[in-house]
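Q: Fit chain U to the supplied structure of chain R, relying on the hints for placement.
Residue-level listing of the chains:
2 protein chains.
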Amino acid sequence: MKKLVIFGVGLIGGSVALALKKANHAAPHIVGVGRGSASLQTALELGVIDQISNNIAEAIQNADIILIATPVAQTPDILRAIKPYLSKHTVVTDAGSTKSDVLDYANEILGDLSPQFVGGHPIAGAEKSGVSAASNELFLHKNVVLTPTASTQQQAIDRVEELWKSCGATVSLMSAPSHDSIFAAVSHLPHLLAFALVNDIASRPNADQLFSFAASGFRDFTRIAGSNPEMWRDISLANKNALLSELNAYQAEIGNLKNLLENEDSEGLQALFERASFARNAWAKSNQKK
Amino acid sequence: MKKLVIFGVGLIGGSVALALKKANHAAPHIVGVGRGSASLQTALELGVIDQISNNIAEAIQNADIILIATPVAQTPDILRAIKPYLSKHTVVTDAGSTKSDVLDYANEILGDLSPQFVGGHPIAGAEKSGVSAASNELFLHKNVVLTPTASTQQQAIDRVEELWKSCGATVSLMSAPSHDSIFAAVSHLPHLLAFALVNDIASRPNADQLFSFAASGFRDFTRIAGSNPEMWRDISLANKNALLSELNAYQAEIGNLKNLLENEDSEGLQALFERASFARNAWAKSNQKK
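Sequence lines, in order, name chains R and U. Going by this note's numbering, the residue at position 133 of the first sequence is 269; the numbering climbs one at a time, nothing skipped. Going by this note's numbering, the residue at position 237 of the second sequence is 373; the numbering climbs one at a time, nothing skipped.
Take these hints with a grain of salt, some might be off.
Because identical chains cannot be distinguished in the list, a pair is counted as satisfied if it fits within a single copy or across any two copies.
[As the list claims (entries may be wrong)] With a straight-line cut-off of 25 Å between C-alpha atoms, the simulated SDA-like cross-links for lysine to any residue are:
(1) Lys-394 - Leu-373
(2) Lys-394 - Glu-366
(3) Lys-421 - Glu-366
(4) Lys-394 - Pro-207
(5) Lys-394 - Ser-236
(6) Lys-301 - Ser-352
(7) Lys-421 - Asn-364
(8) Lys-139 - Arg-295
(9) Lys-224 - Ser-189
(10) Lys-376 - Glu-398
(11) Lys-278 - Gln-345
(12) Lys-394 - Val-208
(13) Lys-139 - Gly-304
(14) Lys-376 - Ile-390
(15) Lys-376 - Arg-355
(16) Lys-264 - Arg-359
These aren't lab readings, by the way, just hints derived from the structure by calculation.
The following block holds chain R by itself, in its conformation from the complex (with noise of 0.2 Å):
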């Protein structure tokens, strides 16, 4: 790879950067693309990019990869904006956190240039933003789904994989359906969770008392609560149908739980804590470095 053209150059799209240019010995030109002047101008002075451009047709002119990193409600602008001057050797891919709708963007926007996009989605750096916080081991042992469809390039599939993999990331390919019905439970699912308890106590008449006996297990369980609530926002309505069925699914638990608790149910409980933490356990032990 030659050139490599970021659309946001923030955390994800900056941490690509420096792992490239760390894996690489003949690491890619790498352009950086994006509103924000003063981010990319930080972007180019801490070695993140080589070049700024706002003239897009300039800027993906002999591309091998444009990755779009922005905010996912920027992508079909972006997609459009690259549409007419965008040549058949240059892969398109994307790093949202939901897929099914990117991919109906890029089917839409680029038409029958769509074989050449791939969807991606890497598995990390939920917690800080901006390029600053850019770091070329954030994909290091990572997982990063990418989720091709059927007519999509194979060779463009491999130039994104490649890519990955340079970054130190895992690669799975799935369909963007399974991506979006697997990220609903065990990422969409939890942060909806959370936003939803601390909303519940905040709304109370004594949410400062309560707030002030809170202590470590609601700190952990509350964390992701703290995420961005327009990405938030972004991700529950792109992927709306999984997020309910995930709801839907999660109130009949609680109500199991309830019925558990009403009947004093002690077996029942435990029988379900058990299962639970066993399974919890097993999954941090498998899985100490995330």
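A: Just chain U now, with coordinates in the frame of chain R:
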């Protein structure tokens, strides 16, 4: 204080002992009582306690404070065992996570000596267990709630308050029902929600796949689902009514979220996430030691 008797020299009891030994020029003589003789032997060898006793009459003779720091389910048996030998000069306290149930036991079992009993709950140390994990700093800047009743002796309250302050803790007084209602919201509910999420995911046909894509958000959210199942069974049953009321309020909150999602109410979702995110981050900022 010249003599402290601890039933259950684990993380909590052991940490109280170590904190007193560090804090006081004239630390009390500390006697450990318990069924697990290996664990008491370890406590003695580590210098956490000064003496092991299996003779309750002898152990509690001339004791200033008896601290019950066993799992809560053992509290009634211990109260029954000490009752026949309990002097009017000895104060009894505990360290259980629920307080109304413990006060009921104390009233019923100690009878006319129940004004010498002060219910207590140190908010610390849920993650580890056992005397080997004990630390003289476990309670430093942590909250300890005491739940005296109208009939509790003032000098008993004072003595237990001093015990915890010597350990570096901040002591609050409130009624047992207030305690149980507050901790139902900020501790017991999050634990049950975390157990429920892991149980929900672990019971699915594709559980392995789901767990393999779970990342740091899931890790933090579910950390408390790795907690001791028996302990949380006991806490749940002991605080059943407050917890059922919390579960109902939470289900209503989830119902509200589902409505916002179904109606694709972008502004409503963002407003909810913003309230939660703001409240969570403000709390974290004011509680960085927790």
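Q: Of all the hints given earlier, name the ones this structure violates by number, lowest first.
A: When the structure is compared with the hints, none of them turns out to be violated.
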